[in-house]
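Chain residues, written in single-letter form:
2 protein chains.
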Amino acid sequence: MILNKNYLNLQDSYLFVTIEQKVSAFQRTHPDARIIRLGIGDVTRPLAPAVVEAMKNAAAEMSAAKTFRGYRSDRGYEFLREAIGGYYAAKGVALDISEIFISDGAKSDAGNILDIFAAENRALIPDPVYPVYVDTNVMAGRDIFYLSGNESNGFLPLPDASQKADIIYLCSPNNPTGAVYDRAQLKNWVDYARENDAIILFDAAYEIFAGGANLPSSIYQIPGAEECAIEFCSFSKTAGFTGVRCGYTIVPLKLKRKVDGADIAVNDLWLRRQTTKFNGVSYITQRGAEAVFSQEGFRQVQENIAYYQENAKIIAAALTDLNIWFTGGEHSPYVWLKCPDDRPDKCPGDRSSWDFFDRLLTTAHVVGTPGAGFGASGEGYFRLSAFGERDDMIEAARRIKENINIW
Amino acid sequence: MILNKNYLNLQDSYLFVTIEQKVSAFQRTHPDARIIRLGIGDVTRPLAPAVVEAMKNAAAEMSAAKTFRGYRSDRGYEFLREAIGGYYAAKGVALDISEIFISDGAKSDAGNILDIFAAENRALIPDPVYPVYVDTNVMAGRDIFYLSGNESNGFLPLPDASQKADIIYLCSPNNPTGAVYDRAQLKNWVDYARENDAIILFDAAYEIFAGGANLPSSIYQIPGAEECAIEFCSFSKTAGFTGVRCGYTIVPLKLKRKVDGADIAVNDLWLRRQTTKFNGVSYITQRGAEAVFSQEGFRQVQENIAYYQENAKIIAAALTDLNIWFTGGEHSPYVWLKCPDDRPDKCPGDRSSWDFFDRLLTTAHVVGTPGAGFGASGEGYFRLSAFGERDDMIEAARRIKENINIW
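Here the protein sequences come in this chain order: A and B.
Residues 1465 to 1871, numbered by the numbering used here, are exactly what the first sequence covers, in order.
Residues 1465 to 1871, numbered by the numbering used here, are exactly what the second sequence covers, in order.
It is worth saying that the hints were derived from the structure and are not from the lab.
In this text the structure is predicted, and so the values were computed from the model without any measurement.
Hints should not be assumed to be uniformly reliable.
Each pair may be met inside one copy or between any two copies, as identical chains are not told apart.
What the hints assert, rightly or not - List time: in silico PhoX-like cross-link candidates among lysine-lysine, alpha-carbon distance up to 25 Å:
id	residue 1	residue 2
1	K1722	K1469
2	K1651	K1530
3	K1469	K1718
4	K1722	K1651
5	K1651	K1628
6	K1530	K1520
7	K1469	K1720
8	K1720	K1628
9	K1555	K1718
With the rest of the complex left out, here is chain A (with noise of 0.2 Å):
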């Protein structure tokens, strides 16, 4: 037996680990400090209460041999579908229900993707980036290459014609930067990976940040995107699914690559792979994901990620009045800054990530993410997130402007 020697070339993965470990140590040696957390990525806010009640019910139903639902094996149930076919409508996408694949969550989905792929294609991804990307291609053993985001191209890399790609990964809105691609860029993504024959990974966990503005929500508004990339949605941002495990992945019916002269549908290979190595998700679970696109749900969650939004503000505006770089806090529930420097003779973003972490915890007792544990291109940077108490994100802001000033 002969184990997967790819997974040894994974880097350990300690960045929330020493978070963590920092914190305590701080935390046992000031016991009267009360620490405000924005570094983690998870969600705050109660789920919905329709979402609630469409779970209970369909727990009862579960309960009667009349209403008892067993195995659904294929892509998932058609009334989760076609809502979700309603919601990508109002976005200007028409979709075929078969198109769409109920999954327990965009990251089970990106990674697990990769199965239908060969080894020897190339990923391009972007730096500084969501692990899961970068580390579902070392355990197969692929090339990677990274294009960097910094302040110049605001964190939102466009492609380098010399660079052939196979596999491309983008996430907008962005984690970790909360920037977002407008149409024109995405547009441009489009165009490289048709010429490239390659297929975008379009993470777009984070979409419902975008809705509203003039942004791109979901690649298929770009003409053409339905020849080349495949989406990644779930309900953990915008509906608080996060404990609760529901998201959807798009395979367009025009998705195809030639395999020994032959057009094959990427959507078959998909739908081969799940219906083999996943039995879907809860019943119960996609009734609450269902209850989302009602009238009164969909008013419930919106609630929700307008108070998430109001607290990016918060974290945004302290930033501004500090004249401290940053992206993101508009369309995303994360802050990305350039970290501050005071020491004589030294740049923003001079300082590394983990310094400013240590400072910014033993001074303002406010716990941010390193931008170096999101790649290369991250250090000298720093992410906050939005999700929390407004009281918590109120009291933080102050802090952090109270301590900045005065380094």
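Place chain B on chain A using the hints.
Chain B only, in chain A's frame:
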């Protein structure tokens, strides 16, 4: 972009599609026939009241900010892993809860576990077999060799010392045959795996049907298995969770393999796989699964199992009366019978399992699953499932007897 060409080597899985087409065609031409379906392997009894109550309570917790639960991305909640640990302790198997991983079902994990093994391992798969074992290895391009189940070994094949395997699939109580390995037979497999440095993937999805008998319901009841086996289990059959989705996988801490001279714990690799490509199971579902192990919950699920076992006895008794060879039906919801053949000079088993399917459908109006759908060694055999309502089972048994008697 190059697709994974191994997918094109998959056999199309027309089994249940073909069954549906044949049943529909017959029903159209015989609208008055009341067809009884014993073809599927899906449960029919509703969820236990204790499970539904626990899920409703958990949904209510998710609707309040104070009790809301978000991400939980490692092995699953301790409360459920401790309950599973208690269940195994009662079987005489001591587990550390870090050896238990909560999953969304045995199928997903039995497929996904292959991620952590190199593609060059050779898989040994008994035939007939649950098709997922074959398909997931074909997808990865692995060499597969088969070990034949047949009447003389009671569909419980034992290892052949001359064959070298790296990955071994065992399913006991077996799907589709219902046969159950005894301790001596499983010890044979454990010894073989240890001698060959192989890893056994033990599918215990039907373990609850072996309970009460002096038959192993966990591979870890065999000494030494903790150094060579991974066990997959599920609440699907135990507690009717086919539509709720929860299972668990046991990866013993003592299971290690060398990579470049260093001992690597398989548990560490699987944890890394799951935290990277899986976000865990709904909190609500995990609370439902925990309730399975409460005194009340376990009594309720055992009532359902006893109901299915009584169904199986009814089918088995009819076959005994008809003097038809079969296995299963005692410690399994499946009865696996040798197709009788009424043609002159023909022996039982000569009739193809699809012929028998047609004959049973058109004369007795009973639907089963042709053994050929589970592999070459299934030809000439047939699976009947005891999942269903009692009245249907009695009526199906009566019709089978009546019709086969006059053939």
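Quiz prompt | Same-copy or cross-copy closeness of K1555 to K1718 [CA-CA at most 25 Å] | solution = Answer is within: at 19 Å inside a copy they meet the 25 Å cutoff, but 52 Å across does not.
Margin query: As a check of your reading, is K1651 near K1628 (CA-CA no more than 25 Å) within one copy, between copies, both or neither?
Written below: Within one copy only: 17 Å inside a chain, 53 Å across chains, cut-off 25 Å.
At most 25 Å between alpha carbons: which applies to K1469 and K1720, within, between, both or neither? Classified as between: cross-chain Cα gap 14 Å, same-chain 32 Å, threshold 25 Å.
25 Å Cα cut-off: does K1530 pair with K1520 within a copy, between copies, both or neither? both (17 Å within a copy, 19 Å between copies)
Up to 25 Å between alpha-carbons, please classify K1469 paired with K1718: within, between, both or neither. between (36 Å within a copy, 19 Å between copies)
task = Give the relationship of K1720 and K1628 under a CA distance limit of 25 Å: within one copy only, between copies only, both, or neither.
result = within (19 Å within a copy, 39 Å between copies)
Q | Intra/inter-copy verdict for K1722 and K1469 if alpha-carbon distance must be at most 25 Å | A | Between copies only: 10 Å across, 30 Å inside.
Is it within, between, both, or neither for K1651 and K1530, if the alpha carbons may be no more than 25 Å apart? neither (50 Å within a copy, 43 Å between copies)
message = Within, between, both or neither: how does the pair K1722, K1651 come out at a Cα-Cα threshold of 25 Å?
response = within (24 Å within a copy, 48 Å between copies)
When held up to the earlier numbered hints, the structure conflicts with hint 2 and nothing else.
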